[in-house]
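Produce the entire structure from the sequences given, and follow the hints as far as they go.
So you can see what is in the structure, the chains are spelled out below.
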Amino acid sequence: MEKKGLYGFLKLFHEHAQFAGWPAVEITRATIEKGNHLPYVDFLPEAKQCRHCGSDLHVQKSKKRIVITIDTGTIHAREIRKVCSVDLSHPVETSRVLAQMVPAGQRYGYDLIVAVGVARYLRNMQREEIRVELLHEKDIVLSTGTISQLCDRFLLYLEALHLNRASALRAAMEGSSYPLHIDATSESEDTLFVFRLFFLAIQMAYCGTERKEICHLVEDAIATAKYIIEGFPSLADIGHWVVG
Amino acid sequence: MTIRTPDMIVQLLRSKKVVRFEEIQEALCAASRTTTFRFLKQVPYIRSYNYNGCYYASRDSTIFDSLGLYSYGDICFSRDRKLDKTVSRLVCESEAGLTQRELQDLLKVRVQVLLLNAVRRKIIYREKVEGFYLYLHNDPATRKSQLKVRHSSIATSAYSEPGDSLQIDSHIVIKVLLILIRHPSLCPAEVVRALRGYVPPVTMEQVVSVFDRYSLEDIGKKRALRFPETIP
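Protein chains in written order, with the working numbering: chain Y, 9 to 252; chain F, -19 to 212.
Mixed in with the good hints, there may be bad ones.
[As the list claims (entries may be wrong)] Each computed DSBU-like pair below joins lysine-lysine, with the alpha-carbon atoms no more than 35 Å apart:
#, chain 1, residue 1, chain 2, residue 2
1, F, Lys88, Y, Lys71
2, Y, Lys72, F, Lys65
3, F, Lys155, Y, Lys56
4, F, Lys65, Y, Lys71
5, F, Lys155, F, Lys(-4)
6, Y, Lys19, Y, Lys56
7, F, Lys88, Y, Lys19
8, Y, Lys56, F, Lys124
9, F, Lys124, F, Lys21
10, F, Lys88, Y, Lys72
11, Y, Lys56, Y, Lys72
12, F, Lys88, F, Lys128
13, Y, Lys71, F, Lys108
14, Y, Lys71, F, Lys128
15, Y, Lys19, F, Lys124
16, F, Lys128, F, Lys21
17, Y, Lys72, F, Lys124
18, F, Lys(-4), F, Lys108
19, F, Lys124, F, Lys108
20, F, Lys124, F, Lys88
21, F, Lys62, F, Lys124
22, F, Lys(-3), F, Lys88
23, Y, Lys72, F, Lys(-4)
24, Y, Lys71, Y, Lys56
25, F, Lys128, Y, Lys72
The hints are simulated quantities; they were obtained by calculation from the structure and are not laboratory data.
Listed below in structure tokens is the structure:
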């Protein structure tokens, strides 16, 4: 059967079915074919010629794996790899769509990693809660151990993205804005606050749990941060100040 | 000698979502068919309504969806246990009755014979609407309300002001996409043919409009990436 475009149709179908209020179980059931538990999707390389010599490509091999994403649910992805017909040492061409959808050799898509990471770190959900939510809303079955792994991967990719975009972030902060990280921990009645400007802890304080006291403390911290920023307008200057 | 107990089957059904009869026999230490059926009677279980009922699962009311169906891959189960009862129930519970095609989409199996049997045994009623049989509740009052809803949906789909752009329901888009997921290379005319059996019918204009709106003919077309600077 011609499988051209199946990925696009699946993605569009998931969008419309969710919009129409279909339950996740029904969406999965609708896409399953008889005798074949999951839809089989072919991913061919977009390139038609070798990027080095311009020669024609021929199929080197195909690789199958189960891929789970939020967009398409669970599918059987068959990646068809092509190689230069003249010189086999030239780079192998693979599907860019699949590469952007899921990390190489893995089964969980980037969108699923982000969904799990956001649920864990921004919505403060626990592993079991994330597992139940994914099962009910997307019909995706994950173990709590897998969720932990996906959370770790999320942090790793976030760090990589942060480093990759460091220059843009630095440029954005060179104006009047600055990152001030506020954290607190509480034991018995007192609360320990830590305010971090870049990597520098600028203030630590014990205070009670009164809202007024906390507000004062945050205001003080912001004032101190502003003072430092005005004195040392660039990140490098602050580093010199700390080392010095 | 091993003492067989129904707990052996319960453990098996807990460990696996779906099992075959042979696996149950194996769990009962190679018991005969008769012995296996005797032990199965003591265990809450359901049998698949497709694949000749060869798959078994633990009977748990929480696994069924709003339609009373449960599927594991392409293996389907119903809370009514039997397909004929499921068909009758779905027809009676539906808001606007169901055509054979709509029931087939829900249940993933052919239902023509079961529907005809149910009509002959006066469990459900059928009436021709827009050239297709619509299966309805046997109670005249419920049937009337089902027909009213169906006729209103037909009127809504047929009504369009001259000069207005064609109204495309999201259900039509979903139907078209489901056909394309199974047969990605079909053209609009073939999609219309594959969508026969729905009331109101899906028209050629609607399918062409869906194709145009979502550029379905372009989806998946692989653009040739050429590298002219590297070509000698």
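Verification of the supplied hints:
1. Distance restraint check for Lys88 of chain F and Lys71 of chain Y: the Cα-Cα separation of roughly 30 Å lies within the 35 Å cut-off, and the hinted pair is therefore satisfied.
2. With a C-alpha separation of about 40 Å, the suggested pairing of Lys72 of chain Y with Lys65 of chain F is violated against the 35 Å cut-off.
3. At roughly 33 Å between alpha-carbon atoms, Lys155 of chain F and Lys56 of chain Y fall within 35 Å of each other, so this suggested pair holds.
4. Our distance criterion of 35 Å between C-alpha atoms is broken by Lys65 of chain F and Lys71 of chain Y, whose separation comes to about 44 Å.
5. Restraint check: the Cα-Cα separation between Lys155 of chain F and Lys(-4) of chain F comes to about 33 Å, which is no more than 35 Å; the hinted pair holds.
6. Distance check on the hinted pair: Lys19 of chain Y and Lys56 of chain Y sit about 24 Å apart at the alpha-carbon level, within 35 Å; holds.
7. Our distance criterion of 35 Å between C-alpha atoms is met by Lys88 of chain F and Lys19 of chain Y, whose separation comes to about 22 Å.
8. A hinted pair counts as satisfied when its Cα atoms are at most 35 Å apart, and Lys56 of chain Y with Lys124 of chain F does not qualify at roughly 60 Å.
9. For the given pair, Lys124 of chain F sits about 42 Å from Lys21 of chain F by alpha-carbon distance, which is inconsistent with the 35 Å threshold.
10. A C-alpha spacing of about 27 Å is found between Lys88 of chain F and Lys72 of chain Y, which places the hinted pair at or below 35 Å, so the restraint holds.
11. Taking the CA atoms of Lys56 of chain Y and Lys72 of chain Y, the gap is about 21 Å. The hint holds against a cut of 35 Å.
12. For the suggested pair Lys88 of chain F and Lys128 of chain F, the alpha carbons sit about 27 Å apart, so the restraint of at most 35 Å is met.
13. Between Lys71 of chain Y and Lys108 of chain F the alpha-carbon distance is near 50 Å, which puts this suggested pair outside the 35 Å criterion.
14. Between Lys71 of chain Y and Lys128 of chain F, the direct Cα distance comes to roughly 53 Å. Violation of the 35 Å bound is thereby established for this hinted pair.
15. Distance check on the hinted pair: Lys19 of chain Y and Lys124 of chain F sit about 39 Å apart at the alpha-carbon level, beyond 35 Å; violated.
16. Taking the CA atoms of Lys128 of chain F and Lys21 of chain F, the gap is about 44 Å. The hint is violated against a cut of 35 Å.
17. For the proposed pair Lys72 of chain Y and Lys124 of chain F, the alpha carbon gap of about 52 Å is over 35 Å, so the pair is violated.
18. For the proposed pair Lys(-4) of chain F and Lys108 of chain F, the alpha carbon gap of about 45 Å is over 35 Å, so the pair is violated.
19. Distance hint between Lys124 of chain F and Lys108 of chain F is fulfilled; the C-alpha atoms sit about 14 Å from each other, no more than 35 Å.
20. Of the pairs offered as hints, the one joining Lys124 of chain F and Lys88 of chain F holds, with about 28 Å between alpha carbons and a cut-off of 35 Å not exceeded.
21. Pair hint Lys62 of chain F plus Lys124 of chain F holds up; C-alpha atoms about 27 Å apart against a cutoff of 35 Å.
22. Straight-line distance between C-alpha atoms of Lys(-3) of chain F and Lys88 of chain F comes to about 20 Å, which keeps the hinted pair within the 35 Å bound.
23. For the proposed pair Lys72 of chain Y and Lys(-4) of chain F, the alpha carbon gap of about 25 Å is at most 35 Å, so the pair holds.
24. With a C-alpha separation of about 19 Å, the suggested pair Lys71 of chain Y and Lys56 of chain Y falls inside the 35 Å cut-off, and the hint holds.
25. With a CA separation close to 50 Å, the supplied pair Lys128 of chain F and Lys72 of chain Y exceeds the 35 Å bound.
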